[in-house]
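Asker: Sequence:
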Amino acid sequence: MVTTDFSDPPGVPISPSPKPDGKPTLPSAPRAVQLFDDKERLIYEDHVAFCEDLGCPVDRPVKVVAIVGNTGDGKSYTLNHAFCGGSEVFETSPSQNTCTLGVWAAYLPGKDCLLLDTEGLLGTNANHNMHRRLLLKVFAIADVVIYLTKAARLYSDMFSILADASDAFAQHFRPDLEALAHRTGLPWSVGQLGPAVVVFQETLHTHPLDGFQAGLSESVGQSNADSAAFPIFTQATMTTNQSQESQRLHSGKL
Numbered sequence: 180m181v182t183t184d185f186s187d188p189p190g191v192p193i194s195p196s197p198k199p200d201g202k203p204t205l206p207s208a209p210r211a212v213q214l215f216d217d218k219e220r221l222i223y224e225d226h227v228a229f230c231e232d233l234g235c236p237v238d239r240p241v242k243v244v245a246i247v248g249n250t251g252d253g254k255s256y257t258l259n260h261a262f263c264g265g266s267e268v269f270e271t272s273p274s275q276n277t278c279t280l281g282v283w284a285a286y287l288p289g290k291d292c293l294l295l296d297t298e299g300l301l302g303t304n305a306n307h308n309m310h311r312r313l314l315l316k317v318f319a320i321a322d323v324v325i326y327l328t329k330a331a332r333l334y335s336d337m338f339s340i341l342a343d344a345s346d347a348f349a350q351h352f353r354p355d356l357e358a359l360a361h362r363t364g365l366p367w368s369v370g371q372l373g374p375a376v377v378v379f380q381e382t383l384h385t386h387p388l389d390g391f392q393a394g395l396s397e398s399v400g401q402s403n404a405d406s407a408a409f410p411i412f413t414q415a416t417m418t419t420n421q422s423q424e425s426q427r428l429h430s431g432k433l
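Counting from 180, one number per residue, gives the positions in the sequence shown under the numbering used here.
Read the hints as simulated data drawn from the structure, not as lab findings.
None of these values were measured; they are calculated from a predicted model.
Check each hint, because a few of them may be wrong.
[Said to hold, decoys possible] Each computed EDC-like pair below joins lysine to aspartate or glutamate, with the alpha-carbon atoms no more than 20 Å apart:
#, residue 1, residue 2
1, Lys290, Asp322
2, Lys316, Glu381
3, Lys242, Asp322
4, Lys290, Asp216
5, Lys316, Asp216
[Said to hold, decoys possible] Ranges of calculated distance between the beta carbons of each label pair, as one might list FRET restraints:
#, residue 1, residue 2, range
6, Thr382, Val237, 17 to 25 Å
7, Lys316, Arg239, 18 to 26 Å
8, Leu383, Leu315, 30 to 38 Å
9, Gly364, Lys218, 35 to 43 Å
10, Glu381, Glu219, 36 to 44 Å
11, Val237, Leu365, 21 to 29 Å
12, Asp238, Glu381, 15 to 23 Å
13, Arg353, Ser266, 34 to 42 Å
14, Lys242, Thr382, 23 to 31 Å
15, Lys290, Leu315, 20 to 28 Å
16, Leu359, Glu381, 32 to 40 Å
17, Leu383, Leu359, 38 to 46 Å
Glycine included, C-beta positions come from ideal geometry on N, C-alpha and C.
From just these sequences and the hints, can you work out the full model?
Answerer: If you want it as structure tokens, here you go:
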């Protein structure tokens, strides 16, 4: 049985109780541990210690779901309620100060899913280039990226961020991933090299989606949805500026 110290604040990792043979007991409930700090530094020196703190078996294959968006939009709250049954796995706060610094991770034992909670955009981090690089690392390991926004409209800055991330992903990671796919014979297409991006626009008048639609691909008139590193799913109508950014995102050079 895992013993928990409830005096610790939410989101702070708690070491699992050791078994008599010295091996930690895997927890039945998820808990959050910090993976990167706000200075882009990796907290763990090896994957074994990371898995032990997460409570995840080292050899267990998982799907990685990350969430990004502006600070204060409720990324941690969304992960807690969408994946953790409302439990305070990731720290939340009603204050205006950022409560998530760097990148935090939590493992869902029953779903074999690794959640990544990220520091918000437009926050107090003075080095925005460092923050963008940190997000690129998240895009590199994620299978699904949720872009959360509470804006009344989908503005062009969101598409600019995704386009920049797609360009950097293709430049730095695509050759290695294509070589890996060729060596192992994996049936990967160009659009499967990067994570799928789900735009979650939560507003006062939000209606449930009837189904995902590759909105960007249809809006820019692309015949091949695999031309981008990141397939993006949305049902929003784009303006001219947004369409220009999406054209860059789905340009042939990717």
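Asker: Hint by hint, where does the structure go against what was stated? Just the numbers, ascending.
Answerer: 2, 4, 6, 10, 12
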